[in-house]
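Put chain B on the given structure of chain A with help from the hints.
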Amino acid sequence: MNSSNTETQWRHGRMMCEDIIMDLLVDYLDQTLGDDLVQRLEAHLKICPPCMAYLETYKKTRDLAATAARPTMPDEMKVRLKEFLIARLREEK
Amino acid sequence: MESGTELSLIERLRNGDTGALEPLMDRYAARVYRLAHGITRNEADAEEVVQDVFMTLVRKIHAFEGRAALGSWIYRVTTNAALMKRRGKRASVEVSLEDYLPTFLPDGHRAGDQSFLLADWSQSPEQDLLSRETGEVLRRAIDELPGHYRAVLVLRDVEGVSNEEAAEALGESVSSVKSRLHRARMVLREELTQHLRPG
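These protein sequence lines are chains A and B, in that order.
For what it's worth, the numbering used here labels the leading residue of the first sequence as 3, then goes sequentially.
For what it's worth, the numbering used here labels the leading residue of the second sequence as 187, then goes sequentially.
Next up, chain A with everything else stripped away, as it sits in the complex (with noise of 0.2 Å):
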């Protein structure tokens, strides 16, 4: 995904459901599109109530993503991580 070849691509074509999904959403998050591809794109989504709920649940799906795959670390492994480097270096030196 290049955003300077997806916009000389979609210059002058249509914009389509399928180009949004699969080509342009990463970069239209990430802020990396170019104002007009923006504004092509947003403009679709206005009269497209199937690509405006891929990307709202697409959104969505991101920000539970981040906080179900967010593990903490218990207390007791920090103290095992310490005393086990302690015994290997002692033992390598």
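Read the hints as simulated data drawn from the structure, not as lab findings.
Beta carbons: idealized from backbone N, C-alpha and C, even for Gly.
Worth double-checking, as some hints may not be accurate.
[Said to hold, decoys possible] Label-pair distances were calculated between CB atoms; the ranges are: (1) A:Asp77 <-> B:Gln313: 49 to 55 Å; (2) B:Ala249 <-> A:Gln41: 15 to 21 Å; (3) B:Gly357 <-> A:Thr34: 19 to 25 Å.
[To be verified] Derived BS3-like pairs (lysine-lysine); straight-line CA-CA distance at most 25 Å: (4) A:Lys80 <-> A:Lys61; (5) A:Lys80 <-> B:Lys246; (6) B:Lys271 <-> B:Lys246; (7) A:Lys62 <-> B:Lys271; (8) B:Lys271 <-> A:Lys80; (9) B:Lys246 <-> A:Lys84.
[Stated by the list, open to error] Now the stretches of chain A that chain B is said to cover, found in silico as 3 or more residues with beta-carbon under 8 Å: (10) 17-24; (11) 35-49; (12) 74-83.
Structure of chain B alone, referenced to chain A:
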């Protein structure tokens, strides 16, 4: 921790002062664990990876040239170690992504049942989005992602690293990182939509 402080800790470690390890562990151990657990999906494996990473840090500190930030170097070592740990287990768990990606009609519109296409659960009550059932659906979906896709998802969406830093950690191109990230998110979105849509 300021970069100057971190550099002095690295120098101390290079000079054999293992006392410099503890402040580095305080700074990085939780991050290493999160990334390791995100990839291996297993607490015991993640703990082994954390131990391996810090032993590698001690043994190979002389090879760390300091051109990249220490954090980037640690992410790379962690990602490699965790993917190696996961390698033997992948066939039994991981799914084919193609089954979960959207399909399209010749006219470029998404294919599928209209009610599914219009399903927007993003504004559902928090109690539904944060329920135990939804959490389990999401965790299972993450578990079933192929290792490299899960690694990208954790690096980008959990750890918040840039595309460039994720690419460096994985030894891949930025375009590969973006492609894998997008496909991983689409798979999770599909699973959540199946679970959360009304009816």
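Proximity test - 8 Å, beta-carbon atoms, the region 74-83 of chain A to chain B, at least three hits: holds (count 6)
Outcome of range test on Cβ distance (aspartate 77 (chain A), glutamine 313 (chain B); 49 to 55 Å): 30 Å, violated
Distance restraint evaluation - alanine 249 (chain B), glutamine 41 (chain A), Cβ atoms, bounds 15 to 21 Å: 49 Å, violated
Given pair status - lysine 246 (chain B), lysine 271 (chain B), alpha carbons within 25 Å: Distance of about 20 Å is within 25 Å: holds.
Satisfaction of hint between lysine 61 (chain A) and lysine 80 (chain A), Cα-Cα up to 25 Å: Measuring from Cα to Cα gives roughly 34 Å; hence the hint is violated.
Going straight from one Cα to the other, do lysine 62 (chain A) and lysine 271 (chain B) come out at no more than 25 Å? The hint is violated at about 30 Å.
Confirm or reject the coverage of the region 17-24 of chain A by chain B under the rule of 3 or more residues with a beta carbon closer than 8 Å to the chain's beta carbons. Three-residue rule met by the region 17-24 of chain A, so holds; n is 6.
For the pair we were handed, lysine 246 (chain B) and lysine 84 (chain A), check the Cα-Cα distance against 25 Å. Given pair lysine 246 (chain B), lysine 84 (chain A) holds - Cα atoms ~18 Å apart, limit 25 Å.
Just tell me: holds or violated, for the beta carbon distance of glycine 357 (chain B) and threonine 34 (chain A) against 19 to 25 Å? 22 Å, holds
Can the region 35-49 of chain A be counted as covered by chain B under the rule of three residues or more with Cβ-Cβ separation shorter than 8 Å? Three-residue rule not met by the region 35-49 of chain A, so violated; n is 0.
Check the hint pairing lysine 80 (chain A) with lysine 246 (chain B) against an upper bound of 25 Å on the C-alpha distance. 22 Å, holds
Hey, lysine 271 (chain B) versus lysine 80 (chain A), does the alpha-carbon distance stay inside 25 Å? 20 Å, holds
Checked against the numbered hints given earlier, this structure breaks hints 1, 2, 4, 7 and 11; the rest are met.
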